[in-house]
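Asker: With the hints as extra help, turn the sequences into a complete structure.
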Amino acid sequence: MERRVTESMTVVCLDDDKFILKNVTKLCRSLRPDWNIKAYDDPKTWYKNWRVPPRAPIDIFICDLTLPSLRGDELLKGIVSACPNAIRVLLSEEIEESKAQTVYDYAHVVISKPFAIEDFENLFIHAERIHQLPFSHSCREKLGRCTLLPVLPKYIVELQSLLAQPNYETKQVVNVIGHEPALVAKLLQVANSSLMGFRRTTDSLVEVVNRLGASLVEAIAVSMSVKVVGNKLTAAQHESIVEQSIRSGSIARHLAKTLGRSKVEEDKVFVASLLTSIGSIALLSQDVALDQLDNSMHFQEGFADTHIAAAYLLTVWGYELEIGNMILNQQNFRFSSIDDNEVLTSIVGIAGLLSKVKTKHDFHDVVSIVPEPVQFVLIDQMQDMLGIDNE
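For the sequence shown, full-length UniProt numbering puts the final residue at 391, and the numbers step up evenly by one.
Any given hint could be a false lead.
[Stated by the list, open to error] Pairs of lysine-lysine residues, derived as DSSO-like cross-links and limited to a Cα-Cα distance of at most 30 Å, are as follows:
#	residue 1	residue 2
1	Lys171	Lys26
2	Lys171	Lys263
3	Lys113	Lys171
4	Lys48	Lys38
[What the hints assert, rightly or not] Computed beta-carbon distance windows for the label pairs:
#	residue 1	residue 2	range
5	Thr258	Glu121	38 to 48 Å
6	Thr359	Ala185	27 to 37 Å
7	Val80	Ser8	17 to 27 Å
8	Ser8	Lys48	18 to 28 Å
Read the hints as simulated data drawn from the structure, not as lab findings. The structure presented is a predicted model; accordingly, all values stated were derived computationally and were not measured. Every residue gets a Cβ at the ideal spot worked out from N, C-alpha and C, and that includes glycine.
Answerer: Here it is in structure tokens:
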């Protein structure tokens, strides 16, 4: 079970509809009675009232999309600079998918009306997880000032909601993802890959979902569906990023299996490897050049920018801290550790490097940085993992 954050957080709720405002603040206080929950009904005066007297920094800012004098997304634009540490949340009626990105440019999270208790409980859990990531204050502010962030498509949210249910059926998953031809094609490709260990090919989506399992299907769907705002990434470039992340995930899974890890652990390293790509996609929204993704933002020393961006966004979207920490720390190789998570993190890291290998010389450069026992395993599995003949 995850450790709950003990310190109180500050939440600001703003809505001109006093009935909705009352319900939201009442709900927030019932879920986190020890938190500092503040309510305001005027988008023009709330900040003045907030600043006098001085208050604690805002951790979560919640507002309605449709305010009388200022749209909620425009209000959040000001929050980016005024309160960069805050998780920015929009309450909204359903919006057409084609208009979602424009509306949500400055929001981290969108909660659809009518909302449910679970929507806010999940929001608060995700906020608590964010505070447990090893980010400095400066790093959090830099992350908070990022805008035009990727938005999860509606069908991904539906898929995550379905998979969170204890008794979902495979056919229900197929019904959600079956209308996405590019995703279906990619899932078939992965499920029929020799690296995944299946000897018989299939064209049945039901069998594909059963083969890969829920966590892998969700991870592949997320990596394929998250888009860069505007025209900053071509379809071919996006496909290349996704392909490399799937290759990295497949290598990680194969290596985990070879090292005797459990099926659950095989899936963990696949998901962490695959979702590392979210960081690259997110930073491309910030006008970062493809060849400068790892160190252009200077978020925090000791971590690659792409890894920080991926861990941050995925945690905001509801992924477990374990995945975020594996992505963050994958540059640290600790194969000899007695901590299982450190070993799995090392597998993710070495798989990421191996996924970029093109020649035997490149391969041996990567292998040289790991302990000898792991070197022997990698050399023995070189043909199976990378298609490079060990002669």
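Asker: With reference to the structure, classify each hint as holding or not holding.
Answerer: Right, here's what the structure says about each hint:
Between Lys171 and Lys26 the CA atoms are separated by roughly 38 Å; this puts the pair beyond 30 Å, and the hint is violated. About 23 Å separates the Cα atoms of Lys171 and Lys263, which keeps this hinted pair within 30 Å; it holds. Taken as a hint, the Lys113 and Lys171 pair is honoured in the structure, with Cα atoms around 28 Å apart against an allowance of 30 Å. Restraint check for Lys48 and Lys38: the C-alpha separation of about 14 Å stays at or below 30 Å, so the hint holds.
As the Cβ distance of Thr258 to Glu121 is approximately 40 Å, the hint placing it in 38 to 48 Å holds. Separation of Thr359 from Ala185 is about 29 Å and conforms to the stated range, judged on CB atoms against 27 to 37 Å. At roughly 24 Å, the beta-carbon separation of Val80 and Ser8 lies within the given 17 to 27 Å, and the hint holds. Against the hinted window of 18 to 28 Å, the Cβ-Cβ separation of Ser8 and Lys48 comes to about 24 Å, which satisfies the hint.
Hint 1 alone, counting from the list given before, is not met by this structure.
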